[in-house]
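Peer 1: With the hints as your guide, set chain B onto chain A.
Protein chains: 2
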Amino acid sequence: MNDRIRTAALLATGDEIVGGRTLDTNSFYLADKLAALGIDVVSIMAVSDDVDRIERAWKISLAAADLVISTGGLGPTSDDLTTETVARVADAELRLDQRQVARIREIFGRRGRPMPDNNLRQAMIPVGAEVVDNADGTAPGYRLRINTAEGRRPWGVVLPGVPREMKAMFEASVLPWIAECTDPGRVIVATTFQTFGLPESALDELLRGVVPASEGRLAFRASFPKISVRVSVTGGPEGAASRLQTMAEAVRTRLGGAVYAEGDASMEQIVGELLTAANKSLATAESCTGGLIGSRLTDVAGSSIYYRGGLVAYSNDLKQRLLGVDAQTLRTHGAVSEETARGMALGAVRVAATDIAVATTGIAGPGGGTEDKPVGTVAIALATRSGGDDYEVDSRMYRFWGGREWVKTLTSQVALDWVRRSLLGLPPLEPEALSPRRRAVSAARGGEIS
Amino acid sequence: MNDRIRTAALLATGDEIVGGRTLDTNSFYLADKLAALGIDVVSIMAVSDDVDRIERAWKISLAAADLVISTGGLGPTSDDLTTETVARVADAELRLDQRQVARIREIFGRRGRPMPDNNLRQAMIPVGAEVVDNADGTAPGYRLRINTAEGRRPWGVVLPGVPREMKAMFEASVLPWIAECTDPGRVIVATTFQTFGLPESALDELLRGVVPASEGRLAFRASFPKISVRVSVTGGPEGAASRLQTMAEAVRTRLGGAVYAEGDASMEQIVGELLTAANKSLATAESCTGGLIGSRLTDVAGSSIYYRGGLVAYSNDLKQRLLGVDAQTLRTHGAVSEETARGMALGAVRVAATDIAVATTGIAGPGGGTEDKPVGTVAIALATRSGGDDYEVDSRMYRFWGGREWVKTLTSQVALDWVRRSLLGLPPLEPEALSPRRRAVSAARGGEIS
Numbered sequence: 019m020n021d022r023i024r025t026a027a028l029l030a031t032g033d034e035i036v037g038g039r040t041l042d043t044n045s046f047y048l049a050d051k052l053a054a055l056g057i058d059v060v061s062i063m064a065v066s067d068d069v070d071r072i073e074r075a076w077k078i079s080l081a082a083a084d085l086v087i088s089t090g091g092l093g094p095t096s097d098d099l100t101t102e103t104v105a106r107v108a109d110a111e112l113r114l115d116q117r118q119v120a121r122i123r124e125i126f127g128r129r130g131r132p133m134p135d136n137n138l139r140q141a142m143i144p145v146g147a148e149v150v151d152n153a154d155g156t157a158p159g160y161r162l163r164i165n166t167a168e169g170r171r172p173w174g175v176v177l178p179g180v181p182r183e184m185k186a187m188f189e190a191s192v193l194p195w196i197a198e199c200t201d202p203g204r205v206i207v208a209t210t211f212q213t214f215g216l217p218e219s220a221l222d223e224l225l226r227g228v229v230p231a232s233e234g235r236l237a238f239r240a241s242f243p244k245i246s247v248r249v250s251v252t253g254g255p256e257g258a259a260s261r262l263q264t265m266a267e268a269v270r271t272r273l274g275g276a277v278y279a280e281g282d283a284s285m286e287q288i289v290g291e292l293l294t295a296a297n298k299s300l301a302t303a304e305s306c307t308g309g310l311i312g313s314r315l316t317d318v319a320g321s322s323i324y325y326r327g328g329l330v331a332y333s334n335d336l337k338q339r340l341l342g343v344d345a346q347t348l349r350t351h352g353a354v355s356e357e358t359a360r361g362m363a364l365g366a367v368r369v370a371a372t373d374i375a376v377a378t379t380g381i382a383g384p385g386g387g388t389e390d391k392p393v394g395t396v397a398i399a400l401a402t403r404s405g406g407d408d409y410e411v412d413s414r415m416y417r418f419w420g421g422r423e424w425v426k427t428l429t430s431q432v433a434l435d436w437v438r439r440s441l442l443g444l445p446p447l448e449p450e451a452l453s454p455r456r457r458a459v460s461a462a463r464g465g466e467i468s
Numbered sequence: 019m020n021d022r023i024r025t026a027a028l029l030a031t032g033d034e035i036v037g038g039r040t041l042d043t044n045s046f047y048l049a050d051k052l053a054a055l056g057i058d059v060v061s062i063m064a065v066s067d068d069v070d071r072i073e074r075a076w077k078i079s080l081a082a083a084d085l086v087i088s089t090g091g092l093g094p095t096s097d098d099l100t101t102e103t104v105a106r107v108a109d110a111e112l113r114l115d116q117r118q119v120a121r122i123r124e125i126f127g128r129r130g131r132p133m134p135d136n137n138l139r140q141a142m143i144p145v146g147a148e149v150v151d152n153a154d155g156t157a158p159g160y161r162l163r164i165n166t167a168e169g170r171r172p173w174g175v176v177l178p179g180v181p182r183e184m185k186a187m188f189e190a191s192v193l194p195w196i197a198e199c200t201d202p203g204r205v206i207v208a209t210t211f212q213t214f215g216l217p218e219s220a221l222d223e224l225l226r227g228v229v230p231a232s233e234g235r236l237a238f239r240a241s242f243p244k245i246s247v248r249v250s251v252t253g254g255p256e257g258a259a260s261r262l263q264t265m266a267e268a269v270r271t272r273l274g275g276a277v278y279a280e281g282d283a284s285m286e287q288i289v290g291e292l293l294t295a296a297n298k299s300l301a302t303a304e305s306c307t308g309g310l311i312g313s314r315l316t317d318v319a320g321s322s323i324y325y326r327g328g329l330v331a332y333s334n335d336l337k338q339r340l341l342g343v344d345a346q347t348l349r350t351h352g353a354v355s356e357e358t359a360r361g362m363a364l365g366a367v368r369v370a371a372t373d374i375a376v377a378t379t380g381i382a383g384p385g386g387g388t389e390d391k392p393v394g395t396v397a398i399a400l401a402t403r404s405g406g407d408d409y410e411v412d413s414r415m416y417r418f419w420g421g422r423e424w425v426k427t428l429t430s431q432v433a434l435d436w437v438r439r440s441l442l443g444l445p446p447l448e449p450e451a452l453s454p455r456r457r458a459v460s461a462a463r464g465g466e467i468s
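For the protein sequence lines, the chains are A and B, in the order given.
When the letters of the first sequence are read in order and numbered with my numbering, they come out as residues 19 to 468.
When the letters of the second sequence are read in order and numbered with my numbering, they come out as residues 19 to 468.
Next comes chain A alone, as it looks inside the complex (with noise of 0.2 Å):
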């Protein structure tokens, strides 16, 4: 039937977006989110908050695809125009509609203040349009076809700029329609998995063949320092969960350890969730993450229960004095070495008196590298009790690559991994996993260099 959506063109409306102020993060959600489904995006579009301007995006944008989402000018000052032009594209009268303009008047009611006047035009709606509600906010979305001058019907769904009340929009009630039209009557499942310490060609070179083509599709994101690998199944309701739950089994063999997450969990919410399972306490000892790790452990709510704290030992004195590394091992073997890196995970498991410490100690750069240990040279350490007071450590040397943010992040995620598989009982990344050899094969697979 040609009531199908194979094609979309997005469009986000906004003086601060062409003015170069704020990012447009709602249409780089959306193609995401219709690639998932995949559905074709034609093009992205972004213009000011202008009636001619938003008009003429609105006619090429559907003038290429079957359903066109426009994101941003609902507020209510006369600087929000979508609405007004949308009505005028679609030639639809507009009716104000009482149900959201009770909900909206209930809003401020509800913060103790009346509703002025103008914010009655986020109620106005074009007659045939059918309302999205907004749980989160004051204006609310809709939906409805629009007639070209070629004859065509595409859509056109309307959703307000807000990212968080456009998110919950989206997937509330514009995903599971759009699914609907795409594919009547069939069904898309998916499942993400977070990985890390494996290369995308890696990653692609033990996948093949787990996902036929004809049954469903792999796709990678990579967003440093991990990558994403989302399986999708599409097919009639009954068949594709299981297809998928093959699949997912299939995935999880061949890459073992190297996925930390399925889902959206970060690799510290992971860890959390082992420390909590295993009853065990973290601590850590910094040098070259300057607390990083530490950091995006309390990202995670509730990481007290696990998480004691540590110590920044950014100078060789605090290593010495707060973690009791041995001032003849910094002599003789460095600040960065797996000695030091040992010494400083020992002292931080025995200070902190938890079960675990991770101790990170590096050059970051630009400065500081010699020709035995270049920038990106990191040693990390972990430490254990094994009971009473005794521990065990373990330490590994590595050599990584970018600037100093990278060098700090790259640390961190591999400190954090190993913790993860300690508790898993699998063993830490090695060095040659995370070479810049291997980094570079992998770079020169597309021509370029940088």
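It should be emphasised that the hints constitute simulated quantities derived from the structure, not laboratory data.
Note that the structure is predicted; figures quoted are calculated from it, not measured.
Certain hints may be false.
Facing chain B, a subset of chain A residues (Cβ under 7 Å, in silico) [said to hold, decoys possible]:
1. Val36
2. Val65
3. Leu336
A virtual CB, placed ideally from N, CA and C, is assigned to each residue, including glycine.
Peer 2: Below, chain B without anything else, positioned relative to chain A:
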């Protein structure tokens, strides 16, 4: 003269952008730069690596603007289609630029590799186009005039998609050229101030009249937790610089301590510069920020000169054992109290033997709040060595708002700002300046309730 560039359209090419895998930060960057030149950006568009879609996007963009800037699609592979499409749109032949061939070959030579044949594609330039050199990568850019069906002759500028290369090329070659085309014989001079602690409405009010609309522009850009203020002046080369100086001086006077930097420097960079200049050392004692302050400080290269390290005392036990906070203090006043924060700061300044220590303790949420101390309650203290073994300590109790990361970020910013202010002989930001009420008033200006 009708050669002036007054309007621009931005165009980004890449499957990864419309596929929701990569955020188009290039257009965001360019939009900001063009706004600073007073150029009206009529649209921002992104399309996939598809000749027909790229061609359509070019035509749409050329029809609406005096200048089209395209990024992406200049790589060596078969899905890099920008140049081929631009040549078609401009009705121009392609020529192999021998100077570019030699340059690309030399880049490969330096890496000890022969140039693959497909990199020759990158040296193909439309006849009549002027090359824009790329100092950092293989793909050169170019600019050319394109005749439209309507008889106009807008400019097209084509740049690679790698942000680092694109930005360097834009700033070195394209920006000065556009400035000259925008307003021949005139110059735009600008300066940016980084501020913290005043809402945009207050900045706007304080700066009223400083930049007359006839002489220049005042632009605000909020990127939490800071707000940038940019003053730009357009005019003949003789007067512009001195008028900018006068206006900048007025901004400095009116905003006082709220300005922490001129140019792009971060709060942690400024703190580092002030500590270095004063030859003073810093330690941190972090509870609710969990290491974030240390991590920010060590984002700055060379921070080991003044930052010794610190303690992440997430548990009460570590606050007592490592920082010497009195058990009685914790019992009587609680972990989140000015008394505890002062104890932490004093403990850190002594144990790390520094000149200054800053301490944070608070409830980042979402759990842990009480009626008395709701989520967002944060105590910050600053201890300074006044000579020998004498220390001074001061503290404030803040009531922040927002989610967990927001509270952590705001706390780290206020703490670093306090270090900065103390080195300048200024008092810390008072809690009233950062209260949720003040923020609510500011947010309500837009009429939105969220």
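Peer 1: Against each hint, give a clear statement of whether it holds in the structure.
Peer 2: The hints, checked one at a time:
no.	hint	result
1	Val36	4 Å, holds
2	Val65	5 Å, holds
3	Leu336	5 Å, holds
Against the hints set out earlier in the document, no violation occurs for any number.
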